[in-house]
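Q: Here's the letter readout for the chains.
2 protein chains.
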Amino acid sequence: MVDMDKIISLCKRRGFLFQGSEQYGGLQGVWDYGPLGVELKNNVKQAWWRKMVYERDDMEGLDSSILMNRLVLKYSGHEDTFCDPMVDCRKCKKRFRADQIEASEKCSDGESHDYTEARPFNLMFRTTVGPIADENNIAYLRPETAQGIFVNFKNVLDSTNRKVPFGIAQIGKAYRNEITPKNFIFRVREFEQMEIEFFVKPGTDEEWHKQWIEERFQWYVKLGIRPENLRKYVQKPEELAHYAKGTTDLLYRFFPDRPDEQKQFDEVEGIANRMDFDLTSHSKGGKLVLKDGKVFPNEHAINRLTWFDHETNQHIVPYVIEPSAGVDRATLAFLIDSYHEEEVKGETRLVLRLHPELSPIKVAVLPLKKNHDGIVSVAKGIKKLLQGKAGWRTVYDDTAGIGKLYRRQDEIGTPFCVTVDFQTLQDQTVTVRDRDTMAQERVVIDALPALFSEKLFRKQN
Amino acid sequence: MVDMDKIISLCKRRGFLFQGSEQYGGLQGVWDYGPLGVELKNNVKQAWWRKMVYERDDMEGLDSSILMNRLVLKYSGHEDTFCDPMVDCRKCKKRFRADQIEASEKCSDGESHDYTEARPFNLMFRTTVGPIADENNIAYLRPETAQGIFVNFKNVLDSTNRKVPFGIAQIGKAYRNEITPKNFIFRVREFEQMEIEFFVKPGTDEEWHKQWIEERFQWYVKLGIRPENLRKYVQKPEELAHYAKGTTDLLYRFFPDRPDEQKQFDEVEGIANRMDFDLTSHSKGGKLVLKDGKVFPNEHAINRLTWFDHETNQHIVPYVIEPSAGVDRATLAFLIDSYHEEEVKGETRLVLRLHPELSPIKVAVLPLKKNHDGIVSVAKGIKKLLQGKAGWRTVYDDTAGIGKLYRRQDEIGTPFCVTVDFQTLQDQTVTVRDRDTMAQERVVIDALPALFSEKLFRKQN
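Residue numbers (this note's numbering), protein chains in the order written: chain A, 1 to 461; chain B, 1001 to 1461.
Don't read these hints as lab results, they were simulated from the structure.
Beta carbons are placed, not taken as given, at the ideal position from N, Cα and C, and that holds for glycine.
Some hints could be false.
[To be verified] Partial selection, computed: residues in chain B whose CB lies under 8 Å from chain A:
#1 Arg1014
#2 Gly1020
#3 Ser1021
#4 Gly1026
#5 Val1072
#6 Asn1303
#7 Thr1306
#8 Trp1307
[Unchecked claim] A short, non-exhaustive set of chain B residues, derived as facing chain A with CB atoms under 8 Å:
#9 Tyr1054
#10 Asn1161
#11 Arg1393
[Unchecked claim] Far from chain A by the CB rule (all over 12 Å, computed), these chain B residues:
#12 Phe1082
#13 Glu1102
#14 Ala1139
#15 Thr1312
Let the hints inform the model, and build the full structure from the sequences given.
A: In structure tokens:
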């Protein structure tokens, strides 16, 4: 297994990830996806959308806004309780998350910090909307995409023919003003989520919860995560959110170099049984009940968020199973899991064994000789032939010798290279090289689209 | 041509668009994309990405963050000058955009408003990042995606083998605190952009500018926009931003019911020649020059944003051609342009003649009889057969009679319906119905994937 520093170095060097606003010294907890990073992240999102929306019969998609009316976050409970405990150091004035303080941290004078009592710090980013910047116009950047789904429950129901059980899936950015962002793209302030709220009849919720845990575990495994690096962690009663009947986290081995094996694993996704907490809280005539027992009757919502069951002739408030995944964390997990170094002819070969569906570039077309008109023209023709198929990112590269070009593609996970050489001009065949086996075979140009269609997506289903 | 009210009504009824935070009375200038809207918008974005990134040889992608270090927006000029003129009414205290006041607007007392002098109102949303909410920690939600490209120019150059001319393409959200959002998703506060910054050698910029105007015009036309509804508007010298050598806007006929023909058209995209303004402003040792002549030497940037030309052995600051499109506006244009009402057998048929690449749903599979095991099983099998191909959104619907089901698919732009009937059980053929011609043909099930592959994307290139 690889340590994080190597991943970070590869990501910067090859253009997967750059520090946000780096040209001005950065903005802590914010990252930019470079030319390869945007492809990898988009592929992760599309693989999720395809499997969770297109290949099911019980799912609708949604793309709700990031800026939300303050009341949404009031009745979700975030305004009152979405906080981390924060302490200040009286000497150096720095602020820390109280539950993550490490004993080794030294103050500016080299001694220990002198901490204040912990107090709650709300993690939501706040702004004002409209031309008057006052209390009445506060809005928040959503801290999770989930709330946009709940408040649209009736809109989706009214505009489709859905019956419970069904789900609503959404991918989008969310924001948390983390006190101490850290670990590359693991804990950041601007991030992206892939969330499903799956609505079921009360009584069927535990069975559905089980199914979703299994479904989501398998999603990662089918896309290449080794099962030994992924764990199901059942939250203990004292860890559960007060509205959750049960939550299972999927933990990935993000930190393999930590001595304590348990601490090597951290959350990539959580699958919660939230019961009717959210739909009730956001309903006209409903109420929000906080952990401490405080109750807020909902005096602002417009609709009751219920579903009319024609079989029993009753309005019911469905229960909700929520598989909630982090796009950036999933992307990081795929990077870590696919990273391999191996000895080849006395040299170290770095290869990302990404699932072809996730690879930023599907095929690289390489001319054996860069200034030979015939070879260049055929190679560019092949790039054109392949780039239009199924939206494959295909590149042409002639900026180094063939051995070096192969290594460059290996370390960014390109599953196949096509090399055009002098023989090509004779018999219209090219060399197709496999990233994983490094085996080469000669193939007729016309056969390439079908060959890659088959090879690239054979593992998909 | 259709007026906006009909579009809005269809969008709400069928789940293309909902008002943001509608459950709590909404949030002005913010919209949520519903189950069909998210597919349509994603298809617009993917069509752009495919054409602008995958099918060119000179483009890299990027996905930079929305939260940006304040200094990025200082040296871009936004902090000082990204303002609209605002006036207050002294009587009712409402605020208005001074250059958009309409004579017909009445105050709360039914008389005219009593306006103050206009003053600049900065359109950027402001927040603070980190645990201390003070002046030092102000950050902005980016007002355009472009700045994320400029400040990553060196990162992209260093991690790829690019030589000028080449471009960087990006899709993402941007935010403008519009004083008066209006016209559905035309003028909103949270929106999405598709922007390219194309870097060229000075001296070649005007030729590239011309090429890009043509390229972008054709993109809309190939995806179905009628050329008579799209205009090129060359900005007059007095309209140009002070840093622009020339800008051509693409105007779409968003408002066909306005009596003044010229006012029917408004901007869907702008293609500007920005010269070296941005790379110079963001460079170490560079400077920002505002319209009023004010100069800010750049004292914060880390790198010089130049490119070393090995042919001439010189560092040059490339010029920039910027095709900048609004995703929401493009989506709205595709909706308006495809909206048709026609008389069929004495009834009005509403049909969205969307380009198949943009259609939210590619194929609807409809059983002629909903409770017949044989028919249902074959129909569901066909859904499964098609949904895995090329990421097509395929649906199964049995919630009405066949005539009504056809109309439902017509009005959301589904290009093909497949009907499974009793004959299917005999000879394995189904009826394929074409949205535009309403013609029906019988086809063998096994032939469907190839048939749709050909039909759905034949117009693509």
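Q: If you test the structure against every hint from before, which numbers come out violated?
A: 7, 8, 14
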